Structure formats: C-alpha cells, structure tokens
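**Q** Spelled out, the chains give:
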Amino acid sequence: MSAPLLEVRGLRTVFHLADAAWAAVDGVDLEIDRGEVLGLVGESGSGKTVTGFSIVGLIDPPGEVIAGEVRFDGEDLRRAPEARLRELRGDRIAMIFQDPLTTLNPVLTVGEQMAEAVLEHRRADKVAAWALAAETLARVGIASAEARLRQFPHELSGGMRQRVAIATALLNKPDLIIADEPTTALDVTIQGQILFEMQKLVRETRAALIWITHDLAVVAELADRIAVMYAGRIVEAGTVAEVLDHPRHPYTRGLLDSVPDVGVRGRRLAQIDGVAPRLDSRPAGCAFAPRCPRATGSCRELDPPEKAEEGRRTRCHYPLLPGEAR
Amino acid sequence: MSAAGPSQGARPPGGERRAAPIGGDHTSAPVLEVRGASKHFARRPVLAERVLMAIGRAKPPPVVRAVEAVDLAIRRGEVLGLVGESGCGKSTLARLVAGIHPPTAGEVLFEGRAVNSLEGRERLDYLLAVQMIFQDPFASLDPRMRVHRIVGEALAVHRLVPANELNAAIDRALADVGLDATYRDRFPHQFSGGQRSRIGIARALAVKPRVLVCDEPVAALDVSIQSQVINLFMDLRERHALTYLFVSHNLGLVRLICDRVAIMYLGRIVESGPVAEIFERPAHPYTKALLEAIPRISGRKRVFEPVPGELPSPLAPPSGCAFHPRCPSATAECRQTRPELRAIAPARIAACHLLTKG
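Protein sequence lines correspond, in order, to chains A and B. Mapped onto our numbering, the consecutive letters of the first sequence carry residue numbers 1 to 326. Mapped onto our numbering, the consecutive letters of the second sequence carry residue numbers 1 to 358.
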C-alpha cells in the first residue's frame, strides 16, 4: 500500500493585514487517492477555497502559506519551485473555478485556448491538439464540438462555458482535479448534467477529485468522503455515509438540519443561531462554541483536539453519540 | 423597455381566458390575480436601425418574450411558489404582480380590481399592500442611507404615520424581523448578509403589506443563515396573516414552505397544483426532470440520467411545446402544436400533450 496521491498535513495559510496575520486556513489535514471524490464543505469564509488554492500554490500576497506539507505523488509541493508548479498545474493537477467567464480568455476562441493548454504541456502539433480538444468537449457532453471550438466564450451559455472550463481542465488527463463550486452558478438541470459527467469521468480516468462546495446534497450524491470546514479548520471528516447519517460535530448536525431536503415537509427548520466568526475575530477555544447548543465553559476556553479513529475525524469536546439528537 | 398599457379586459394574444385560473378550490377569493399577462422586452432601435427600418432594409430589434399569456391566482393567506430555471420569466412575472413592470398584454387584478385602472389613493393602497423582497441583500439597500431611513422612508413619504410616531414604527418593524433597535443608525455595510436580508424585510413590513412577493429571498445567503431567514418568513406569515408569492429555484425550500406551486418554462406556466401532490406525482416531463435533478442529502452516489440540453432562448422559442427539444417522450404533435394548460386532477393543471392522451 503506497501513500495516497495527495497528502496535506498541518496546512496553515494566513493573510497579512494591518500588521497582523489572520489564519484563513488553520491546520488542515487532507488526503485523497486516485479514483476518489472528496467533498470539502463549508460556508463562506470557512477557508475551503483558500485550502484549494494553497494546495496548488496559487496564494498571492498578502496571503501566505506559512506551515504544513503538501505531498503530491511523493513530491513536496510546498518546497517545489514556481516553475515546477507551473508544469504541474494544468497538466497533472487541474483546477475548475466557480465562474467560467473569469477562467476563459475572452479574446481567444474555445479551440485556441484549449489547444494552448495542450501545447503548453506536451509536444504535439496543432491539428492533434484541436482534435484532442474536440474529443474532450464531446466527453463532457457538448454536442457539435467542432463548431464550438470556433466560438468565443461569450457566444456560449453559462452551462456550456462551465463545460468548456471542465473540458480544458481534463485535456491533459490530470491525476488530481480541484473543483471550486463549479456548479453553484448553474441551474439544477445543468448541474445534474455536469455531476453526471463528472461521476463518469472519475470512474473512467481514476482521477482524484476534490469538490469544494457549500452544498451538502451535491456532496452526498457525488463524493466518497467528506470534510466539513468551519473557521479555517476541518471540524469533521469521514465517509459520506458516516458523516451525513451519523454526524458527530454539532455544526455538521446543524447544517444537515437546516437544509430543506426535497423529501421533507415540515413547518420550521432547525436553525443555527448567530453567524460564523470573521477572520479577525475568532473566539478563543472552539470557534463554533458561540453558536453551539452543547457548548460549555471548557468549549469557550480550550481548543478541542482532533479525535481520529479509522478515518473518522472530529474536532469537538462533546461530540454527538450515534442516534443522539443535538 | 416598451410596454403598451393593455386596454381593460383585452384578450392576450394567443391565449384565451381559461375559466378557473389555477386549481379547483374557489373557497377563498384570490387576493392577486394575473390574467393572460405577457411581458415582452424590446431594445429601442438606434438611429441607424430606425433609418434602415424606415426604408425596409432592417428588421426591428428582436423581442424577448419573458412572460407569455400567464394566468395565475394567489389566494388570501396562501404561500404560492413560483419555480423555474434562470431565464424562465419567474422574476419578471413576480415584478408584474408587484406592479414594478406593467404587463405588455393582459392584466393584473388586486382584490378583484384591475390594477391599471386604479388611481390615486387606491393605486397607492395596492402598491403598499404588495411589497417585494429582493434577492440581493447588498444591491437592494442604498449604501448611503442609514437603517432608519431605509425602513422609514415609505412611511415618511406617504405620511402613513404621524411624524412623532415614525421612530416607534421603525423600531417596531426592526423588532419584527429580530433586529435590535440600536442598529437604526447604522449603514448597510455594517451588517452581515443575513442581517441585510432582515433590513429588506423590515422595509417591506413597515408599510403593513398584505402580500409579500419574494424573489429568491435567501439564494444569496449561507445555508445556516438561510434557515434563520426562512423561519422568520414563516413566523411573519402567522403573525401578520400574510400572503406570499415565493419565487425560487430551490425546490427543497418550496416544498417546505409553499402550499401550492407553479412551474414555469420559457415564459409560460407548464404545471401547477398543491405542493405535496406535485412533488409526489409530477405530471409534466419538465417538472419530473427538475425534481429528478435536485441533489438530495439522502442520495448516495446516485446515478441518474439527466435531462439533456438547456433552456432555449426566449428570443427564438421552439415551435410547439417549448420543452420538446429536451423531452424524452416528445412526439410529432409536440413539435407542432403548443399544448394548452388543462385540468389533469382536482386542483391540478398541466400543459402536455402526453397527459391528455390518457
């Protein structure tokens, strides 16, 4: 048994603002193997996006990765020179972002930019690159791919653009795909199509997929494992079935209760009171304590240590027992 | 934006009046009704185009048929959900109902009277009674106004309360939505997204509306904040006996809080009826596809066959049934003739050729 494809240990990313450094990512451990889908879930400001960017070395000042290890296929990416990261990004590691309009170059046709992504990383002639682009577009469910290659991004619909962005990420058959809210801006039927394509791709190519989202339901359907982030930390992680069926962290429980699932018709939603703490005003002790119905004095003073058993991790002084209401 | 005011009782183009607008329960009269309403948007031709059009060398700019011959009734005290994907016309329809846009054809009735015939005091009564809650809690609040002015502006402008009671009324509206009265002197940027939503709701409630038209009111909020605001909507409904038109693409939410739901596709309503029945037994193929596509927390590695294609452009709607290019069971008839809305069960209507075939 070899090491996982990607292993992140103690990742800490801070933002230097006004003489102080605020930790957006505060000691994150992650791992993912080939053919696996990891759902990284959190609300805005939880640090999920910064985690993704930190892994691929895309944090710019005032942000800085100040600690931790990012091991990709045995290679330490944190110590890798920028040139090496450039080589990996877009090739063995691909990223897909929420807004395809900012990913795609507006003055190049779809074919030109897709071919560029191929030629940047391998020796091929232009004809072969265009052919590969057409083939990859077809794989993400784009009809008449040849014609689309000659169009500009603004000529495509939102769903089509996101498919182009996904296809571009897939061109060089990446081993690791980091997707940051790629379907959040799309309609449900289009999201359904993309989830369907992504499931198929992971199955066929055995790529590892990190799906960053705020949507627990998407993760439930797509992922093998889930990591829930709150205030820069992973508060709970495990297989999707374990975490969603038997959440141990009160925050996970609260999130699950506050989602109106289609199968449920009730009168009132359980709600998590209060708001997530801002980066510059995280409380002492457990960051969730001010909103937690189970919090005691020690939660407000002591940072809960991470408890791990058989791949199930929880960061809570008083985790929920199986079957226990919150 | 061009909009010809409809003459009263005018028949909408291409859509004859149906006897019962929606549903079969007539026990409570509709507080708001939309009859054969259409809303078309066209760009004003630029000078060069007008010249070319005059000499017959250019066509007028294309017309977006955002809403096309829609009948809808909102009964007193109910929560009616309006569901559809982006571009289907649901927000435009909500704005017709709230009186923000006048319809291009057809009419909107408030408590049985055509809105465009209302004048003076009566028109003001309608505009105040039907308040709108907007999607973006950032864009819908003036950043240069303090909270008390945002909430109290309509009260002051229309002199709805005596000047010496204005502050008390503002504080009551803030308390109603769970905001502390000490926030009254702050600016919108000093609040979180959830609090800003509450300010928008307080502004609407200040004028004591009877109907709230909510256009994706929680879509911009985080999950844990969404549930707080949704619970607030439910509390307010009971406290003030409000009627809601609730526009949303979030079907889980619609199922949770709505009594009835209407599903829109490309400017038209394709199905409507009681929420529980539609979610359990959707009739229209589009409704089925929509429900099937929603990710569920209970779904584990669910593999389903998604509906292909995308919403067609409202500039060039498909012939026949607008959904036929994406429909798994479309026939030749679907490609040629547009299906009318028909009763398919008590209180339920749908527009699909396949359903009337039995």
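Keep in mind the hints are simulated off the structure, nothing from the lab. Predicted, not measured: the structure shown is a model, and the values here were computed from it. Here a beta-carbon is modelled for each residue, glycine too, at the ideal position from N, C-alpha and C. Hints are supplied without guarantee of correctness; some may be wrong.
Using C-beta positions, here's what the derived DEER-type ranges look like [stated by the list, open to error]:
no. : chain 1 : residue 1 : chain 2 : residue 2 : range
1   : A       : 308       : B       : 100       : 47 to 57 Å
2   : B       : 318       : A       : 126       : 34 to 44 Å
3   : A       : 309       : B       : 259       : 18 to 28 Å
4   : B       : 259       : A       : 150       : 25 to 35 Å
5   : A       : 184       : B       : 51        : 41 to 51 Å
6   : A       : 268       : B       : 300       : 50 to 60 Å
7   : B       : 51        : A       : 58        : 34 to 44 Å
**Q** Are the hints correct? Go through all of them and say.
**A** Structure-based check of all given hints:
A C-beta distance of roughly 55 Å is found between residue 308(A) and residue 100(B), which places it inside the suggested range of 47 to 57 Å. Distance hint check for residue 318(B) and residue 126(A): the Cβ-Cβ separation is about 37 Å, which falls inside the suggested range of 34 to 44 Å. The hinted range of 18 to 28 Å is not satisfied by residue 309(A) and residue 259(B), whose Cβ atoms lie roughly 46 Å apart. Between residue 259(B) and residue 150(A), the C-beta spacing of about 50 Å breaks the proposed range 25 to 35 Å.
Checked against the hint of 41 to 51 Å, the pair residue 184(A) and residue 51(B) passes, with Cβ atoms roughly 45 Å apart. Remark: the range hint 50 to 60 Å for residue 268(A) to residue 300(B) is contradicted by a beta-carbon distance near 27 Å. Here the CB-CB span from residue 51(B) to residue 58(A) is close to 52 Å, at odds with the stated 34 to 44 Å.
When the structure is compared with the earlier hints, violations turn up for hints 3, 4, 6, 7 and for no others.
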